[in-house]
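There are 2 protein chains.
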Amino acid sequence: MNKNSILRLSRYRNALNRLKNAGLVKIFSDYLADAVGVTSSQVRKDFSLFGIAGNKRGGYKIDALLEKLNTILGKNVVQPVVLVGAGNIGSALIKYKGFEKEGIRIVAAFDSEPAKIRPAAKVPILPVAELAAYVKANSIKIAIISVPESVAQQVFDTLRAAGISGFLNFAPLRLRSDNNCVVNNVNLELELENVIYFVNVFEKSGIGIGLDKD
Amino acid sequence: MNKNSILRLSRYRNALNRLKNAGLVKIFSDYLADAVGVTSSQVRKDFSLFGIAGNKRGGYKIDALLEKLNTILGKNVVQPVVLVGAGNIGSALIKYKGFEKEGIRIVAAFDSEPAKIRPAAKVPILPVAELAAYVKANSIKIAIISVPESVAQQVFDTLRAAGISGFLNFAPLRLRSDNNCVVNNVNLELELENVIYFVNVFEKSGIGIGLDKD
Numbered sequence: 060m061n062k063n064s065i066l067r068l069s070r071y072r073n074a075l076n077r078l079k080n081a082g083l084v085k086i087f088s089d090y091l092a093d094a095v096g097v098t099s100s101q102v103r104k105d106f107s108l109f110g111i112a113g114n115k116r117g118g119y120k121i122d123a124l125l126e127k128l129n130t131i132l133g134k135n136v137v138q139p140v141v142l143v144g145a146g147n148i149g150s151a152l153i154k155y156k157g158f159e160k161e162g163i164r165i166v167a168a169f170d171s172e173p174a175k176i177r178p179a180a181k182v183p184i185l186p187v188a189e190l191a192a193y194v195k196a197n198s199i200k201i202a203i204i205s206v207p208e209s210v211a212q213q214v215f216d217t218l219r220a221a222g223i224s225g226f227l228n229f230a231p232l233r234l235r236s237d238n239n240c241v242v243n244n245v246n247l248e249l250e251l252e253n254v255i256y257f258v259n260v261f262e263k264s265g266i267g268i269g270l271d272k273d
Numbered sequence: 060m061n062k063n064s065i066l067r068l069s070r071y072r073n074a075l076n077r078l079k080n081a082g083l084v085k086i087f088s089d090y091l092a093d094a095v096g097v098t099s100s101q102v103r104k105d106f107s108l109f110g111i112a113g114n115k116r117g118g119y120k121i122d123a124l125l126e127k128l129n130t131i132l133g134k135n136v137v138q139p140v141v142l143v144g145a146g147n148i149g150s151a152l153i154k155y156k157g158f159e160k161e162g163i164r165i166v167a168a169f170d171s172e173p174a175k176i177r178p179a180a181k182v183p184i185l186p187v188a189e190l191a192a193y194v195k196a197n198s199i200k201i202a203i204i205s206v207p208e209s210v211a212q213q214v215f216d217t218l219r220a221a222g223i224s225g226f227l228n229f230a231p232l233r234l235r236s237d238n239n240c241v242v243n244n245v246n247l248e249l250e251l252e253n254v255i256y257f258v259n260v261f262e263k264s265g266i267g268i269g270l271d272k273d
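Chains as they are written, first to last, in my numbering: chain B, 60 to 273; chain C, 60 to 273.
Looking at chain B on its own, in the form it has when it is part of the complex (with noise of 0.2 Å):
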């Protein structure tokens, strides 16, 4: 079990929600690997990983694969997410619509500003001050930080102390962290800084680049 794998089973659990809206009622893993990328032996090879059994003759019942995929995923309990720092990452953050339509739910934002205090919105924004109390009181796992550079470490100190284990990190820099959480960076400026050495290696080169993240 690893982060990739982890990640293709959101994308084959992506591919068959559409595949089943589009009228699919089974499928066999060589057409799932075609909706999503990789080879047929890589889909057989992830799904025996996690105890999914297929069926050679018949392929996969979609149903029954979703059903297992959003066990397997904790899809099947909306998660609370707590996200601190309501700059303009973290208020597009707030609003982002993505993260509702796959169970995932900010329950509160957190910000050191007074006037971006908003207690009464529909995701409350909260003093920073009121964090830890909050985390604890309702036994939060996840935040998302978007902080400034300068503060992140610190913010990521407190949710740690207050029983937070999972980070999407979106500062960019890399925080000093311990073993019993887990921590994803999202660093928007060298994701666009690779993309950018490969073009201009490629304008160079003349060589075909066909990089494809994931």
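Note that these hints are calculated values from the structure, not bench results. Possibly wrong hints are sitting among the right ones.
Derived, one-sided and incomplete: chain B residues facing chain C with beta-carbon distance under 10 Å [to be verified]:
1. 70
2. 80
3. 89
4. 90
5. 98
6. 138
7. 151
8. 154
9. 158
10. 176
11. 217
12. 220
13. 247
With a cut-off of at most 20 Å between alpha-carbon atoms, the simulated SDA-like pairs for lysine to any residue come out as follows [as the list claims (entries may be wrong)]:
14. 79/B with 96/B
15. 160/C with 128/B
16. 160/C with 231/B
17. 154/B with 125/C
18. 156/B with 208/C
19. 156/C with 156/B
20. 195/C with 219/C
21. 154/C with 208/B
22. 134/C with 250/B
23. 154/B with 175/C
24. 160/C with 248/B
25. 154/B with 105/C
26. 85/B with 128/B
27. 160/B with 146/C
28. 160/C with 250/B
29. 175/B with 147/C
Counterexamples of contact, computed for chain B against chain C with all Cβ distances above 10 Å [what the hints assert, rightly or not]:
30. 160
31. 184
32. 221
Beta carbons are placed, not taken as given, at the ideal position from N, Cα and C, and that holds for glycine.
Place chain C on chain B using the hints.
Below, chain C alone, put in the same frame as chain B:
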């Protein structure tokens, strides 16, 4: 040369800038490795791959290193980028200060909604009908796609035909593309789902997770 070594070069560069600001003039690969969180043999391997020579006794000169890394990473020129889709995420990216700091400039944004058009804004928001002509007239090579999933492929095809060869794609789908372009996908749902999944496994098993992406 692969994606991960490019990402590491960016991280070396960020660390070196911090170390330079802290007053250092020279650095050993061991120290740089510590600052970035990789092994020193990895640092030396990356540097030799890109033709950067060190000095066993004295270490690397930080200024010379930065100069070289900036050239490799295309930092010595401003990189013009267009953005398509001025919704929540798109608007946040337009205002995001992290790009400008790295020499990346969003020169224009495009949207299909008349209410969003702002030709006189600092970063002009223009009708999507003008997209192809703008890209061609200004020889833009890099685009950010932050439109809804349902129109992402169409926007991609338009951009591709207009000459864009590097894409940072926020729409949660796999774009059908060719081998002469690079598509880097940032799927926010998947990134957060991944965190949630590992925390769920951790909560059930009690085993340390210690996943740190990249």
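To see whether the hints hold, each was checked on the structure:
no.: 1; hint: 70; verdict: 8 Å, holds
no.: 2; hint: 80; verdict: 13 Å, violated
no.: 3; hint: 89; verdict: 17 Å, violated
no.: 4; hint: 90; verdict: 15 Å, violated
no.: 5; hint: 98; verdict: 15 Å, violated
no.: 6; hint: 138; verdict: 5 Å, holds
no.: 7; hint: 151; verdict: 4 Å, holds
no.: 8; hint: 154; verdict: 4 Å, holds
no.: 9; hint: 158; verdict: 6 Å, holds
no.: 10; hint: 176; verdict: 20 Å, violated
no.: 11; hint: 217; verdict: 18 Å, violated
no.: 12; hint: 220; verdict: 16 Å, violated
no.: 13; hint: 247; verdict: 6 Å, holds
no.: 14; hint: 79/B with 96/B; verdict: 18 Å, holds
no.: 15; hint: 160/C with 128/B; verdict: 41 Å, violated
no.: 16; hint: 160/C with 231/B; verdict: 12 Å, holds
no.: 17; hint: 154/B with 125/C; verdict: 39 Å, violated
no.: 18; hint: 156/B with 208/C; verdict: 12 Å, holds
no.: 19; hint: 156/C with 156/B; verdict: 23 Å, violated
no.: 20; hint: 195/C with 219/C; verdict: 11 Å, holds
no.: 21; hint: 154/C with 208/B; verdict: 16 Å, holds
no.: 22; hint: 134/C with 250/B; verdict: 15 Å, holds
no.: 23; hint: 154/B with 175/C; verdict: 17 Å, holds
no.: 24; hint: 160/C with 248/B; verdict: 9 Å, holds
no.: 25; hint: 154/B with 105/C; verdict: 40 Å, violated
no.: 26; hint: 85/B with 128/B; verdict: 15 Å, holds
no.: 27; hint: 160/B with 146/C; verdict: 17 Å, holds
no.: 28; hint: 160/C with 250/B; verdict: 14 Å, holds
no.: 29; hint: 175/B with 147/C; verdict: 17 Å, holds
no.: 30; hint: 160; verdict: 7 Å, violated
no.: 31; hint: 184; verdict: 15 Å, holds
no.: 32; hint: 221; verdict: 14 Å, holds
Of the numbered hints given earlier, the model fails hints 2, 3, 4, 5, 10, 11, 12, 15, 17, 19, 25, 30; all others are met.
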